[in-house]
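Residue numbers (the working numbering), protein chains in the order written: chain A, 1 to 323; chain B, 1 to 323; chain C, 1 to 323; chain D, 1 to 323.
Among these hints, one or two may not hold up.
Same chains, same names: a pair is fine if it fits in one copy or spans any two.
To be verified - List of simulated lysine-lysine pairs, PhoX-like, C-alpha gap at most 25 Å: (1) 169 / 207; (2) 162 / 68; (3) 207 / 68; (4) 162 / 207; (5) 219 / 162; (6) 183 / 311; (7) 311 / 162.
Since the hints were made in silico from the structure, they are not lab data.
There are 4 protein chains.
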Amino acid sequence: MTSIRTDLAMEARELYGQQSNDLEGIESENYVSEGIGITRVRITSPAGETKIGKPMGTYITIEAEDIKYGDMEFAEQVSLKLSQEIKTLVDLSKESNILVVGLGNWNITPDSLGPKVVDRMLITRHVIELIPDQVDERVRPVCAIAPGVLGITGIETGEIVKGLVDRIKPDLVIVVDALASRKTQRIGTTIQIADTGISPGSGIGNKRMGINEQSLGIKTIAIGVPTVVYAHTIGRDSLEMLIEEFSKHTAPGTAFYKIIREMPESQLDAMVNEVLSQGLGDLVVTPKEVDMLIDNISQIISDGLNSALHKDISLEESRRFMH
Amino acid sequence: MTSIRTDLAMEARELYGQQSNDLEGIESENYVSEGIGITRVRITSPAGETKIGKPMGTYITIEAEDIKYGDMEFAEQVSLKLSQEIKTLVDLSKESNILVVGLGNWNITPDSLGPKVVDRMLITRHVIELIPDQVDERVRPVCAIAPGVLGITGIETGEIVKGLVDRIKPDLVIVVDALASRKTQRIGTTIQIADTGISPGSGIGNKRMGINEQSLGIKTIAIGVPTVVYAHTIGRDSLEMLIEEFSKHTAPGTAFYKIIREMPESQLDAMVNEVLSQGLGDLVVTPKEVDMLIDNISQIISDGLNSALHKDISLEESRRFMH
Amino acid sequence: MTSIRTDLAMEARELYGQQSNDLEGIESENYVSEGIGITRVRITSPAGETKIGKPMGTYITIEAEDIKYGDMEFAEQVSLKLSQEIKTLVDLSKESNILVVGLGNWNITPDSLGPKVVDRMLITRHVIELIPDQVDERVRPVCAIAPGVLGITGIETGEIVKGLVDRIKPDLVIVVDALASRKTQRIGTTIQIADTGISPGSGIGNKRMGINEQSLGIKTIAIGVPTVVYAHTIGRDSLEMLIEEFSKHTAPGTAFYKIIREMPESQLDAMVNEVLSQGLGDLVVTPKEVDMLIDNISQIISDGLNSALHKDISLEESRRFMH
Amino acid sequence: MTSIRTDLAMEARELYGQQSNDLEGIESENYVSEGIGITRVRITSPAGETKIGKPMGTYITIEAEDIKYGDMEFAEQVSLKLSQEIKTLVDLSKESNILVVGLGNWNITPDSLGPKVVDRMLITRHVIELIPDQVDERVRPVCAIAPGVLGITGIETGEIVKGLVDRIKPDLVIVVDALASRKTQRIGTTIQIADTGISPGSGIGNKRMGINEQSLGIKTIAIGVPTVVYAHTIGRDSLEMLIEEFSKHTAPGTAFYKIIREMPESQLDAMVNEVLSQGLGDLVVTPKEVDMLIDNISQIISDGLNSALHKDISLEESRRFMH
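Whenever a hint applies, use it, and build me the whole structure from the sequences.
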């Protein structure tokens, strides 16, 4: 498998598929509807895990590149799609307590997605506890925290979440995090929902502990959005496309054709590293407009969550409750 | 006792002293040195608790009104004084683990003191765990969190802190919070250190759970700064001074003198409420310059804490470690 | 006239009316409709100017205390009312160029109203210049600036605005500023529109130059919202109400009655100053919730301006154009 | 000349030098001292202008990659070096009035350098005007503004600056702006000082008017820091290095060697565009840590400016004056 890193199961599957036809343990389907692409990847066996490099479970990807044009109606459609897809993964009763955790560092713009989503959640747990009679019966108890990252707190995020979960015992945890993907056009426009929670090492911060059903003891859904791309990935992609381009100009059998076609993957990687070390280094890059992209997608995700977590409550109603 | 609310034990003691000479259970001493006033109030019995309305323990108040002139050297002196006074209350060994908790709401300027202090703490716990060899041996493991308030998280702050303390088991907790006092000149210029932690209902947010040794099971120091004054307090004070002023113009024995001297406390309070309801309402007020005042005092407190929590580390060194 | 300061013509007129029946040069009318109070004060002669302490012109006050409950529909009604009232003062042609100036200091929450409104304006001037064909014909050219205050720039705000107006020659200037009023319930809930622009010394910052038709050479509308109250005002009001309260308990003819009834205004003021100097000093105070109050009213004002400055464009449309 | 865009004269000269030996009209010298690299490029003729694509004048580049390690003493050395180099370009008398203009958009992190520098300037013009007796005689009148970008104001930045300069008539204008460079390691670590001011189209925002001596009528110094890199640049560099790498594997005379050696520049550019359009698009990228990088370099630049603009005032003194 390639060494190129991505947090999207969909991209990992795609990469794997370019190199192998053995898809045992990996199911995948996708469709596009009203400008929104949906891909479902299911990893169903340990063999599938090894191939894709992601834990067993379901990964739903919502691709909505047109978000960037700022059409509010389209944004609402994406929120509703997100809401629907979340509901396919969880089964909430009227009393279900939900904890939303916004991972990431609010001081680093591309890592601030989680805290920004938490900021816009409709928080109801305390109101239901204190004045149950005054709360609309469709509203479920939702609480939320943005605990900060290791460098800010000195504590593994997983430890903080575990301590809190043990104390308040929610029925469901939803973790929101910024991800790294392979394509810049996915930054701020693609949402992944996974019933696997967060694995150690995933996301754009440094997490060394998982935040998932295994570590927390309760169902944990992860929602992530790519906000950065590894510079190495860009270089690696460019290289492959250039080789293809060059190949068109050279006849099979010539020396060059042989050189590039027979060059092993590892040598290609080394060459890209060599080239990039003088340009981008080991950088994670993000577009200049990252502030705006993250603002927009945070609103879409919190709208989607507010709609999914309470019963039959419209976007408009949830926004009104916020005040 | 008067109904006027204050979070400063020193003010509560002062108010009580105006009404009674029975100081059993309340010890108090104060001195001024280099422009910094220090007051120590010790409440030593349940009777003292009832009189002052604060739990048994030691309350140290540092008054440094000149902070407002922005002299950096004076600010450093206040930080050092804070550091010294904290050390009189705690006994740290080389391995002591310390958790600093910044209470309050970062979206409400006068309630943002705790989060701002946490933001400027020298966080070392994770570095000592990951690369112990590279850390100066005078540095103790310090971690910190600003958990947010009930209205933002839906969870009692006390619950979040309790969950975290149970999980990471620090040796000492320090909670930083914004307070209400009786005098506006104390806003941003007075620091209270108490070995009693935080009581339910104290501070300017709404805490319904204590954050103290009783609830957490480990020693808990509270550091607070007044950032608001109750409008009622202003009105009440004005009323008393006006009565005094009027009294000078009226001879003892006249009808008016009798009226105001014999007016019961409760009627005075009612009159102030009446007057204020048309002006200030039940408002908590803060000066226009609150943003700057809180910025300055947060720096002073984090400098003082960084100096107190690590062994023989100067302000300059701790600032350098931050980078 | 009383020395109590207010930036609201409506309050100044009220105060004056308590002391005199000579209303020549001052016209006033008011009504309430759907929970929104409208007061129009017209100062029509130099005599009126002297009495009220405000320049000749029309001052419209919109009182909407219920804004604080956060009802979005009510907020929209206030925006529309603001839009209608602005239109009664200006006469825009299709090509009218409008410059919106947000006065105040973005670092001081109660003084940040102007910059916050500018931040939410629909800015169109450059789009109309660059790609006129793609702009809806109902859209007029609007530009905006938040120049910062004297302490930040070192330049009188009036100088910056004058330089800009001379350069780009708009047809209308609208200045938005934070004001001081006499009543805390008006903070964040009352809007004053004046065709007099800004006078030197008004607003909560220190302006030494006017920003008005006289200084700029073109029509200048000022929109202001009280965000602070002078502590002295609170004390002064309290004093008057207390005197009234006391008077009820004393018979005409008694010494006390004489004392307070005959006490000259200046002595009352001095007494309040004396009392307040030990409590609030010369403070300008603001409620703890000022961050939220200013956020809400800024949105209402920018919505109202966006609706007033373009022809037949609804709130919804103007919000959509923003993206 | 290559089509690759850079705002650094030093990089433009380097690129040009790779393609031609005709350096008439271009002077260049460089040295390294205490970890800080200094390069001076002088463009001395219209021919030089055409070759480099930058207006005639002096461009000083300070390279200090070690800034990223956060050593405060090194940062102060860079500030002092900046101060010295600025002084080589300007000749200030005691009364010289200086206007500092911070270009860029405070809402877009990589474009917020200018406003952040202005925020930390020692502003003295108003103090000298109002209370000249109380100001240290070494202090010169400095004022500053961050006018915002076209998309925010609807007004060309150059228009706002021109209006202000015509009004307050400073003796010197210093404009601070974020730049695009060719190498990511220069982001936040390299400072360019140019006595040419700002040309149309330079910087990372869209400026269509120059801000220079020609447009303003007074001497204008530009200070810039790379905060972004064009993705195209990365791809273009990668391509060239890959071709070199491939060439080593192919003998002169072979078909491939001919293909790549004879491929015209424009075709290479087209190929990169083709490749990048599927990956990065026309993106400007920036590292994830951009928030921190810009915070650090802003402080260094404002320290350097504060030291350069006032006579014999140390960093420590200027910081103290700030309070």
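Evaluation of the provided hints:
Taking the closest pair of Cα atoms, residue 169 and residue 207 come within 25 Å of each other both inside a single copy (23 Å) and across two copies (21 Å). With identical chains, the CA atoms of residue 162 and residue 68 are never at most 25 Å apart, being 36 Å at best within one copy and 35 Å at best between copies. Taking the shortest Cα distances, residue 207 and residue 68 sit within 25 Å of each other only across copies (23 Å), while inside one copy they are farther apart (29 Å). For the identical chains of this complex, residue 162 and residue 207 are neighbours both inside a copy (14 Å) and across copies (23 Å), given an alpha-carbon limit of 25 Å.
In the homo-oligomer, the alpha carbons of residue 219 and residue 162 lie at most 25 Å apart both inside one protomer (13 Å) and across protomers (23 Å), since each shortest distance falls under that limit. When the C-alpha separation of residue 183 and residue 311 is checked against a cutoff of 25 Å, the pair qualifies neither within a copy, at 35 Å, nor between copies, at 43 Å. Taking identical chains as interchangeable, the C-alpha atoms of residue 311 and residue 162 are never at most 25 Å apart, the minima being 27 Å within one chain and 31 Å between chains.
In terms of the numbered hints stated before, the structure departs from hints 2, 6, 7, listed from lowest to highest.
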